[in-house]
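Trainee: Residues 2 to 140 in our numbering are what the sequence shown spells out, letter by letter.
Errors might be hidden in some of the hints.
[Claimed, not checked] 27 Å max Cα-Cα, derived DSSO-like pairs, lysine-lysine:
#	residue 1	residue 2
1	Lys-93	Lys-28
2	Lys-126	Lys-93
3	Lys-81	Lys-122
4	Lys-93	Lys-74
5	Lys-126	Lys-28
6	Lys-74	Lys-28
7	Lys-93	Lys-81
8	Lys-74	Lys-122
9	Lys-28	Lys-3
10	Lys-122	Lys-28
11	Lys-74	Lys-3
12	Lys-126	Lys-74
13	Lys-81	Lys-28
These are calculated hints, taken from the structure and not from any lab test.
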Amino acid sequence: MKQAKIVALILFTVLIAGGIAEQFYIKRTFAAAAEYTAYLDRTINAETIGSPRREIDGADIASAIERLNDFEKWWDERSKIIESLAHNRDIKNVAQEISRLIGLLEIQNAAEAQISLVTLKATLKNLEQMLSFKLEHII
Numbered sequence: 002m003k004q005a006k007i008v009a010l011i012l013f014t015v016l017i018a019g020g021i022a023e024q025f026y027i028k029r030t031f032a033a034a035a036e037y038t039a040y041l042d043r044t045i046n047a048e049t050i051g052s053p054r055r056e057i058d059g060a061d062i063a064s065a066i067e068r069l070n071d072f073e074k075w076w077d078e079r080s081k082i083i084e085s086l087a088h089n090r091d092i093k094n095v096a097q098e099i100s101r102l103i104g105l106l107e108i109q110n111a112a113e114a115q116i117s118l119v120t121l122k123a124t125l126k127n128l129e130q131m132l133s134f135k136l137e138h139i140i
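Let the sequences and hints guide you as you build the complete structure.
Mentor: Shown next as structure tokens:
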């Protein structure tokens, strides 16, 4: 009987440690995603304030597209792990929104790029809230 209690305690400890590690991973992943989107927000919105039809500077577009390509590769790696933790359609929507944003920047459509960026940020925030452990979700 004593061995069964020890095995149960070990399993419980492993489950709790796994849950804590998962939460650290989710927090770090979405904090890094927020850094990517903050950079894009500064790049896209800095050039278009006051006039939604104003074109973005070519150097800023190239920089933003390069950063988005890095973000897309990074997200592809991270999304596989996140999807194994909890399947959610929004995980795939993030990749689609990144691709859409790249396309909009390539054709220099600043107004639609701003809308796409807002959608991307909202999707990431929603995903983080759904995957994060919150006491109010349990109660």
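Trainee: Would you mind marking each hint as holding or not holding in the structure?
Mentor: Cross-check of the supplied hints:
{"no.": "1", "hint": "Lys-93 to Lys-28", "verdict": "19 Å, holds"}
{"no.": "2", "hint": "Lys-126 to Lys-93", "verdict": "14 Å, holds"}
{"no.": "3", "hint": "Lys-81 to Lys-122", "verdict": "19 Å, holds"}
{"no.": "4", "hint": "Lys-93 to Lys-74", "verdict": "13 Å, holds"}
{"no.": "5", "hint": "Lys-126 to Lys-28", "verdict": "11 Å, holds"}
{"no.": "6", "hint": "Lys-74 to Lys-28", "verdict": "19 Å, holds"}
{"no.": "7", "hint": "Lys-93 to Lys-81", "verdict": "10 Å, holds"}
{"no.": "8", "hint": "Lys-74 to Lys-122", "verdict": "17 Å, holds"}
{"no.": "9", "hint": "Lys-28 to Lys-3", "verdict": "38 Å, violated"}
{"no.": "10", "hint": "Lys-122 to Lys-28", "verdict": "15 Å, holds"}
{"no.": "11", "hint": "Lys-74 to Lys-3", "verdict": "50 Å, violated"}
{"no.": "12", "hint": "Lys-126 to Lys-74", "verdict": "19 Å, holds"}
{"no.": "13", "hint": "Lys-81 to Lys-28", "verdict": "16 Å, holds"}
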